[in-house]
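As they're listed, the protein sequences go chains D and R.
Just so you know, the first sequence maps onto residues 132 to 476 in this note's numbering.
Just so you know, the second sequence maps onto residues 132 to 476 in this note's numbering.
Take these hints with a grain of salt, some might be off.
Remember, identical chains collapse to one label, so a pair may be satisfied in a single copy or spanning two.
Claimed, not checked - As a list, the in silico DSSO-like pairs of lysine-lysine whose alpha-carbon atoms are at most 27 angstroms apart:
#: 1; residue 1: 150; residue 2: 233
#: 2; residue 1: 333; residue 2: 288
#: 3; residue 1: 139; residue 2: 228
#: 4; residue 1: 288; residue 2: 139
#: 5; residue 1: 182; residue 2: 233
#: 6; residue 1: 233; residue 2: 206
#: 7; residue 1: 150; residue 2: 182
#: 8; residue 1: 293; residue 2: 182
#: 9; residue 1: 475; residue 2: 333
#: 10; residue 1: 228; residue 2: 460
#: 11; residue 1: 467; residue 2: 333
#: 12; residue 1: 150; residue 2: 382
#: 13; residue 1: 206; residue 2: 182
#: 14; residue 1: 288; residue 2: 475
#: 15; residue 1: 182; residue 2: 333
#: 16; residue 1: 206; residue 2: 382
#: 17; residue 1: 288; residue 2: 228
#: 18; residue 1: 233; residue 2: 293
#: 19; residue 1: 293; residue 2: 460
Simulated from the structure, these hints should not be mistaken for lab results.
Protein chains: 2
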Amino acid sequence: MALPSEMKALLLIGDGYTKTPSAGVLEAMEPYLRPGTIAVPAPGPTQALIKVSLAPINPSDIVFIKGQYGQPRVKGRPAGFEGVGIVVATGDDPYAKSLAGKRVAFATGVSNWGSWSEYAVAEAASCIPLLDTVRDEDAAAMIVNPLTALAMFDIVKQEGEKAFIMTAGASQLCKLIIGLANEEGFRPIVTVRRDEQMPLLKELGVAHVLNENAADFEAALREVLNAEQPRIFLDAVTGPLASAIFSAMPKRSRWIVYGRLDVEPTVIREPGQLIFQHKRIEGFWLAEWMRAFRDRIGPAVLAAQKRFSDGRWSTDVTAVVPLDEAMVKLPAELAKPNGKVFIKP
Amino acid sequence: MALPSEMKALLLIGDGYTKTPSAGVLEAMEPYLRPGTIAVPAPGPTQALIKVSLAPINPSDIVFIKGQYGQPRVKGRPAGFEGVGIVVATGDDPYAKSLAGKRVAFATGVSNWGSWSEYAVAEAASCIPLLDTVRDEDAAAMIVNPLTALAMFDIVKQEGEKAFIMTAGASQLCKLIIGLANEEGFRPIVTVRRDEQMPLLKELGVAHVLNENAADFEAALREVLNAEQPRIFLDAVTGPLASAIFSAMPKRSRWIVYGRLDVEPTVIREPGQLIFQHKRIEGFWLAEWMRAFRDRIGPAVLAAQKRFSDGRWSTDVTAVVPLDEAMVKLPAELAKPNGKVFIKP
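Working from the sequences, and respecting the hints, build out all of it.
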């Protein structure tokens, strides 16, 4: 197949990191991205060039394009951390060549050539040949969220307590974790921001769902935490909500921050709990986990494919936005709750 | 020796815990303690009754009498976590009996019969027969601070980086840690609140001393941390000072809270550092360490006695206050910097 010399993409405006903190929501595209046409890149020896079919917008993408992720931006390069597509060219490395023509899920973190583009570059080692039974909508978001879900649920299992608590409970990531938890008899407690999200989460099988904006939230929170005694807190939000939850948790609790949706100050309400109750505060970053547990990536990805194939996991789709319309439509689509937004080049 | 039936003591006014946070300084005695006369207690089977020679006021005592320690107050009992004295009666347990007549350093945590009293009760296992070469002033404060110093410096050594940072650098505890650090070629960085404390700490051999109230404190802090790259932060203060230090520390830093001298809110300035820089926040409590590392207590105590005997360690004495004058004099003596205050029954 002859490749074009140029391609359309959403290109990064900023370079490196920012020092200006901002919330995890994408209030507008223009400060961070511009539509552009650039040369189709050539894959390096160990890389694959992928014609992108579908690419998701993950919360980590928003953090990245704003310059607040753990990896610097390269100005003028396409954004987008993962996607699904067909391998149309490869480097000379034998494993890379073995991927030619295959439909793959891919992650672009190492290559720095993103998926919000007609063509993307990924390390062959970050490309996963797909089972035919996996839909594009599931395959496009099959690395970041599913691996994060499996890795963080492992932390819950290692802790041993059946109950655990999560903020941003209606996110795709939390829904994946709720699925894992139900199968193994664990009891997820989740917080959401809207009453209308509560019935859906109860249907999914959470033990408790609390609306953080309810007038009696803190009282309800304390009652649930006293009854369930969760020791792990998986937190995508930070700020006053997370402070309140951590403060109400029992001895030996661990507050594990993996997102920063709220930019309000994050206060340790009672530092004495760190001393006398052995509570701890730490973070989770998938890239770090992948470096530390390389041998667990393959089995985790296979587990994810099986789950998406047999319907135990399923990606809720809010919208599929053509690349040409992304600048106009993305912020409004992302503001809708409960599902994932995709870009279709 | 015939024992009296009654004794003078400083008795706890509060019971259990408080919900009102307050600073680590003792602004007045009256809300927390009253002078009183109570029956001399009888030691239990595994306990010793000690005629107290000298008892220190530690920061943990202040936290305890205010009801903010990890152990509940018992109203009407004497306060005071440690001291030195002569064993004048024991229970029937053979080890307890072996202590009769001996001069011991003792800790009262488990017995709940404190040392700010003419007689105190301690578990025999918490009594340490003393070498004659150890002064009363060193022996009286030989458990809480020395064991905390040895245990926390172990954390520094395990981390491996030669540089580490401490708040409240002029405290007795920090001076003990500075002594340990110098012997093993480590580089302590400390913060203090007054310029006049700086020459003393430089003489003791710290790598850097910073005045937290200096106009250029944050700039100086960043310069020192960039140069030294400390990964361990031993913090007795919390609040804005500790927030600033943790935020400026390098990747993989650990903020270890062991005191709460400042009651201002403790903010995690950049929660993203927990995610992308693998920073962590935790606590240290000596009681917890002693439960976890029982077999290290004996050697640590012996090491402490040797250090005090040969002058490598020495307790700076601000004042020795007679028990009868403690209500009037203690707050003003405790407000003086650089040394330890003792009660003499």
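Hint-by-hint comparison with the structure:
1. 150 x 233: neither (41 angstroms within a copy, 63 angstroms between copies)
2. 333 x 288: For residue 333 and residue 288, only the intra-copy Cα distance (22 angstroms) is at most 27 angstroms; the inter-copy one is 49 angstroms.
3. 139 x 228: within (25 angstroms within a copy, 87 angstroms between copies)
4. 288 x 139: Neither, since 44 angstroms and 54 angstroms both go past 27 angstroms.
5. 182 x 233: For residue 182 and residue 233, the Cα distance is within 27 angstroms only inside one copy (11 angstroms; across copies 84 angstroms).
6. 233 x 206: This pair counts as neither: shortest intra-copy Cα distance 30 angstroms, inter-copy 75 angstroms.
7. 150 x 182: This pair counts as neither: shortest intra-copy Cα distance 34 angstroms, inter-copy 61 angstroms.
8. 293 x 182: Close neither inside one copy (43 angstroms) nor across copies (50 angstroms); limit 27 angstroms.
9. 475 x 333: neither (32 angstroms within a copy, 64 angstroms between copies)
10. 228 x 460: neither (37 angstroms within a copy, 82 angstroms between copies)
11. 467 x 333: within (20 angstroms within a copy, 59 angstroms between copies)
12. 150 x 382: Answer is between; shortest inter-copy Cα gap is 17 angstroms, intra-copy 35 angstroms.
13. 206 x 182: within (22 angstroms within a copy, 74 angstroms between copies)
14. 288 x 475: Neither: 37 angstroms inside a chain and 53 angstroms across chains, both beyond 27 angstroms.
15. 182 x 333: Result: close neither inside a copy nor across copies, 39 angstroms intra and 63 angstroms inter.
16. 206 x 382: So residue 206 and residue 382 pass the 27 angstroms test across copies only (25 angstroms; inside, 46 angstroms).
17. 288 x 228: neither (39 angstroms within a copy, 48 angstroms between copies)
18. 233 x 293: Answer is neither; intra-copy 41 angstroms and inter-copy 51 angstroms both fail.
19. 293 x 460: This pair counts as neither: shortest intra-copy Cα distance 41 angstroms, inter-copy 53 angstroms.
Violated hints, listed in ascending order, are 1, 4, 6, 7, 8, 9, 10, 14, 15, 17, 18, 19; each of the other numbered hints is respected by the structure.
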